[in-house]
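Use the sequences and the hints to build the structure in full.
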Amino acid sequence: MDDLLTILIRGLAQGSVYALLAAGFVVIYRATDVVNFAQPALMVLGAYFTALFARTYDLPFPLAVLAAIVVVAMVGAVTERIALRPMVGEPPFSAAMVTIGLFLVLTIIANRLIGSNVLTVGDPWALDTAVFAGNVRMRVADGWRIALTAVAFAGVGLFLVRSRVGLAMRATSLDQEVALAQGVNVGRMFGLSWALAGGLAGLAGMMVGSGGMGVDNTTAFIALKALPVIILGGLDSLKGAYIGGLVIGVAEAFTRANSATLSGYVGANVDVVVPYVIMILVLMVRPYGLFGTPEVQRV
Amino acid sequence: MRETTRLRRMAAALCAVTLVATACGGNEPDTAAPTGDGDEQTDTDTGDDTGDTDGDEDTGGDTGGDTGGEIATDIGVTDDPCPEAINPDNGCIYLGILSDLTVGPFAALGVQIVEGQEAFWERVNNEGGISGYDINVTEYTRDNEYNPQTQSQLYREIEPDILALAQTLGTPPTEAILPDMDEDNVIGVPASWWSGWDHDSADYGLILNSGYSYCLESQIALDWSSENEGEIGSVLAVGYPGDYGGDSAAGVQAWAEATGAEYLGFVETAPNAVVGSQDAAIGQVVSSGADRVVIATGPAETAEIVGGAMANGYAGRFIGSVPTWNPALMDSPAAPALEAAFTHIGPWEAFTGSSEAHQAMQEHLGEGNLPGNDGFTFGWIWSYPLKSLLEQAAANGDLTREGLRSAVDGLTVDYEGALPERTLGGDANETAVRVAVVSQPDNDEPLRLRTIETGISGPTADDYDYSAPCSGT
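As you go down the protein sequences, you meet chains X and R in turn. Residue numbers for the first sequence follow numbering that gives the first Met the number 0, so the first one is 0 and each next one is one higher. Residue numbers for the second sequence follow numbering that gives the first Met the number 0, so the first one is 0 and each next one is one higher.
I should point out that these hints are in silico values taken from the structure, not numbers from a laboratory. Note that the structure is a prediction, hence the values are computed from the model and not measured. Every residue, glycine too, gets a C-beta built ideally from N, C-alpha and C. Among these hints, one or two may not hold up.
As the list claims (entries may be wrong) - Here are some, though not all, of the chain X residues that point toward chain R, as calculated from beta-carbon distances under 8 Å:
1. ARG9
2. ASP32
3. THR55
4. THR106
5. ILE107
6. ASN110
7. VAL117
8. THR119
9. ALA146
10. LEU147
11. GLN181
12. GLY211
13. GLY213
14. ARG255
15. ASN268
16. ASP270
Have a look at this one:
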């Protein structure tokens, strides 16, 4: 039982990172109908700037994280203004192609900033482990991952529901022309959604690099795990991103914990496949995801 | 009008992004397309055209630069000087580089390996070049992203313009182009230590490797560790499947079978970019209770496995293959665990070593300057066999691809003390390198590794029947 809880916590922590990344995809998709493939690169920039502020400039870690979130949010907003705003009115597919190009450019920039060494973000939790309720082991970094993700989702949710700007963003996501007619600055809402997604990616970057994990030039690809998450949860649902992330993380963790046994039957690293198996199963039953909006077309 | 403005904006954005990327990449190797200065014709003209200075480069000349002798050439050799030549009177030999430079798993190493090779060949050119030719390794440098398909495409792109490959990084990418290299008679220097490079049956006799193989590496390391770090009753291998981790694990298994130790298996893992974390490997290391764990992964994964396993109660020791190390690991939370229980094995001394080769590379960078990591040293030392081959082929009067290929067998390579002198070709049981250098993490050392012992070998590794590659066939 203790082992089960230990694995569950590990899965929830990993899933929290996936959920944060997925939230960035969802926020931008809801506002602009574009799937933003540049999100992984923003995540790596988040790790880089956290390390820069915490290790090079010796800022207290919480302050370093906040500063990194702000910087990556600004990178997101500027990227949208330069590269995506001219695509307004073009088919979403074209804009998605632009985000793939942005992914490559931003990844190369991030890798050059990181340089030839493995980057550590300077988190104070390092490899610390807490033991509670008998023999349930939890990495301290995992506890923070779970807690910070919950707080971030609550914050974004409240912002979208309670604030005027959040209302304007939701209006934009529902119908851009109607929102424009109501006096909403649609372009500004696009920029804001990219900034919000950038901030979430920045936080996810810190999490990916914490707890003894190094960041190098391949780390961006971890973020691709967010794709099965958004398919599972629904491309336009924040709640779906959160629950989908946790489900994928826990499924991976339990598969991993039994990988020694499973490898004899299905080969090593079967946990890598699990998110995609879940994704395919969900696509077969609910193509719009667990919490996504079903698409209805009049014929 | 609106469309025009939009296009202008997009063009401006692309320019801005390109400028930022360029500005951030001051230390990167030049991967730009050839400027045209080095365009060659690949005819086989044997006329006397050594004095050709009309601007039309001709790879078919029978002499190059100042040689004055009769040296046959074909592809990738010009009578005209290299772009920005150190010796403008010399001809030019173009060598290609296919390395992992941006988004692949070994990019951190790849960039430094390229820099090491550029430094090596710059030194050769500063000393006058080879038989009237300077060596150019920058015009045809390409990023293979550690992707066999990309490697294959890039090879096809540069093959018509190069004499040989100064670097082909990674075993799977290199294997992807071996049949083409065979057809084209292109010799290559590998940036990997797969055991197949010691066997003509696997590498067509085209690959000029240096140092041991991963398979022998793990055996030498375990021999040394059992003698110096305590008896080994059980051993576990952890690594990437295939010709890196798989080769290392094959050596671990062979060592266990030869010594009677218990072989606890091979834990196949993958880079974090694929598996997300090393939780599964950590769990299996801890539950195995092995006396030694031999790791063959990337540096970030190594730190996670060592740190995570120790934090969860593992009490044995780790041995790390060459690519597992990066100086920045000593800034990671795993540093105390690495200092306490990690031993690194390498084919030669790190950059701060004392051989003539090491002194030359230290002198090249300038006193007190260090490379980003030891990939620089790898690149430098890996280049010796190709230098010896070019010198031998030139001495034979045949700098054609076929001439190079025919000069490989029996070629003696002088590593200026970084490795023992070696003869290429022949029976791997006789010619394979079976010596290594053992180091341990140390924050006080320039590259965070302190050399414990050099030139070590081991009875199990020495007796190993190396009549075939250990893996991947």
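Broken hints, by number: 2, 3, 9, 10, 11
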